[in-house]
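*Asks:* First to last, the sequence lines map onto chains S and E. Using my numbering, the first residue of the first sequence is number 1, and each one after it goes up by one. Using my numbering, the first residue of the second sequence is number 1, and each one after it goes up by one.
Please keep in mind that the hints were generated in silico from the structure rather than gathered at the bench. All of these numbers come straight from a predicted model, not from anything done at the bench. Think of the CB as a built atom: it goes at the ideal place given N, C-alpha and C, for glycine as much as any other residue. Among the clues, some could well be false.
What the hints assert, rightly or not - Just the calculated beta-carbon pair ranges, DEER-fashion:
hint : chain 1 : residue 1 : chain 2 : residue 2 : range
1    : S       : Q158      : E       : A471      : 42 to 50 angstroms
2    : E       : N175      : S       : Q158      : 17 to 25 angstroms
3    : E       : E3        : S       : P15       : 35 to 43 angstroms
4    : S       : Q158      : E       : V141      : 17 to 25 angstroms
5    : E       : Y51       : S       : H26       : 27 to 35 angstroms
6    : E       : Q149      : S       : Q158      : 23 to 31 angstroms
7    : S       : Q158      : E       : Y51       : 23 to 31 angstroms
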Amino acid sequence: MYAGQVTVPMILRTPMGGKRGYGPTHSQSLEKHLLGVPGTRVLALNNRYDPALVYQTLIRDIDRPTLVIENKTLYGDKASAEAVEGYEWFHSGHQFPISYMHTDRPADLMILCLGGMLPEVEKAVEKLFMEFDIVAEVLCPLQMYPLQIEAILPLVQQSGKVLVVEEGHGFCGFASEVLAELFELDPGLQIRRLYSAPQHIPSCKPLELEVLPNMSRIVEACITLESGR
Amino acid sequence: MNEETRIFLERDNVNDEVVILVQRFVNSGAMVEAGTLIAEVETSKANLDVYAPRSGYLYWAFEERAEIPVSASIGVVLPGPVSESSLAGMFGDAPADAIAPLPAPIAASTGGELPTIRPSNHEPAESNSGTPEFPFSKALVQRFSRTAQELLRKHNIGVDRFSGLSLVRASDVLNLLHGPSIEPAANTQEIQPKNERDIDAGPGFRRIPTVPAKEVPLSRRKRSEIQSLEAGVRNTVPSAVSVTCLTHGLRTALEANPIVAGNLGAVVTFEAARLLRKYPTLNATYRPDSMLLYKRVNIGYAMDDGRGLKVSVIHDSDLKSLAEITAELRELTIGYLGDKLMPAQTTGGTFTISDLSGLGVASFQPLISEDQGAILGLGAEQFLPGSRDGLYTLSLTFDHHLAEGRTAALFLNDLKERLMHYERVLESGTEAELDVVCVRCGRGVKDFPDGNVFMIQSVIPAGHLCSLCLAGF
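Excised from the complex, chain S in its bound form:
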């Protein structure tokens, strides 16, 4: 509308996510409502890439409205690059990098996830290897929108199987978009997604944990994906 003459260098930080027993009004995953607006950016912090670096970059180079979603469960964690044993974390050279938990053995599948789901995914990777002989690698993009799909695709193609895990609802969600774009680029991929149950978040914590994706469900989904069912 203004021929690129106007920029809005605004950062909007917001907490999100469940597992705290806060009930339906404070545990939502709201990011899908704000994804895909041209000229904006959406970031999801995770505990394997220093958030201080994210904000340092943002404050220095901000050029558009940027939403940063911060999973509440990560507030109590200290960010570190500690990987599951036998793996190592790498970060791409993007301004807001994709983090890649890599091992030097051929992987059976790739798990792609965001922010607060990463600790659950790491636990699942551990269990998949120890109990089920399945080697899974992990991609955790920091930037949700614009999606760095061209960078993600070759890593997913290594095994040809990808599971996308998100804490929010599945309908028109981030996982749907990622899988749709991946499948358009490579119809030979085997794809699967995991998301929360299609209902509001219960206040009762045990029920809340049942509704949200967890380690057991991730393991189950990976086994299904690996077996080709």
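Since the structure of chain S is provided, determine the placement of chain E on it from the hints.
*Replies:* The following block gives chain E in isolation, referenced to the frame of chain S:
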């Protein structure tokens, strides 16, 4: 120091976890130009040259003859000279010849601390396209899955058998016990080991020699060769058959053949490839209670001029003309002599030919290679002094799981008959008789004494095809 460029090795095959730094051509601390040949490394498949990735001062992380994890950097190129103390900080305190990787590069994160990476300042396009660069840095922690641990205990196998592997699964242990699994050609059901006698009892003890001896470590290439032969011996019940072929000079006849120009190996490969379609059990490998019949005929040709045995493979030999095989074998020989054979040119063989005729060997019993069912040995022509009549021997070692002596004998006699045709060309050959020859096998009608063979004009390939080649034999 921020402009350092670490030197990583190109991975030329999936089997090697470590390679040997054979020779360093440049001293540590020397100035090098980009593209300078700086080192030679040895993998199980080939010796590779390493070139300087950029201009600068080169510092090595490993001594010569050190075994290096393939994911480690072997050195670094810096924009300027640095002191010994700076290097110590860069490479850590490990001895330079230790089998240990360098510390993680600057761009990689380190365990237990905040990532040391600084994001680059360039912003990808709006679509954020482009392949990310994930610098690989070091060997990873080794772990064994629960099933793998159970198998190790059950078969009393030491973890040292898996050095260089990070995540070891049950399939890795089973591969060690039974060899790597191969896709079956005729039967797609999963193959499970059933025969306990095939199982390696684990690492054996080493006898102490009773006389003084010097222990010399075997090269990677030799160890790879041993691994293949041991696997072949373990998986087969070898038996051997030989036939004696009378000759007036096969090599001499072939030297007069314009297609092969004396290349005996090419002719034998060409003829054996067609016969393997007739005798499929010789182009197969054994698995407990089943055989895997290969759908392709990939003939390996053993080469050894003293620098180490290598088997170069002519893939789909049965589909190629004699001229094509001659050209390919010549190319492979040049590659072997130049140490430039690619892994794809030395893997995937389904049958092997070992030719010791050039060394004057009368007959021998070659060893079957891993995941194969037979190997053909070619002996030298023997002539009495002053005599035109001579003989040579064809030997076939085959797996008695898959075939019997009769099959092997029929194969050899067929091969013998075919090779004799090449001599007859020379003996009967007038210009006119040689006019119409098969573009695949190079033989004319006169070469087939039984009269049942005929020539058919062909468009693709252009020329004439004999009815034998047309039928696929």
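*Asks:* If a hint holds in the structure, say so; if it does not, say that too.
*Replies:* For each hint, the structure was consulted:
Hint check: Q158 (chain S) to A471 (chain E), Cβ distance near 44 angstroms, so the stated range 42 to 50 angstroms holds. Distance hint check: the CB atoms of N175 (chain E) and Q158 (chain S) are about 20 angstroms apart, consistent with the given range 17 to 25 angstroms. Taking the beta carbon of each, E3 (chain E) and P15 (chain S) are about 40 angstroms apart, inside 35 to 43 angstroms as hinted. About 21 angstroms separates the C-beta atoms of Q158 (chain S) and V141 (chain E), a value consistent with the hinted range of 17 to 25 angstroms.
The supplied range of 27 to 35 angstroms is broken by Y51 (chain E) and H26 (chain S), whose beta-carbon atoms lie about 59 angstroms from each other. Taken as a hint, the range 23 to 31 angstroms holds for the pair Q149 (chain E) and Q158 (chain S), whose Cβ atoms sit roughly 27 angstroms apart. Between Q158 (chain S) and Y51 (chain E) the beta carbon distance is about 27 angstroms. The supplied range of 23 to 31 angstroms therefore holds.
Violated hints amount to a single one, hint 5; each of the other numbered hints is respected by the structure.
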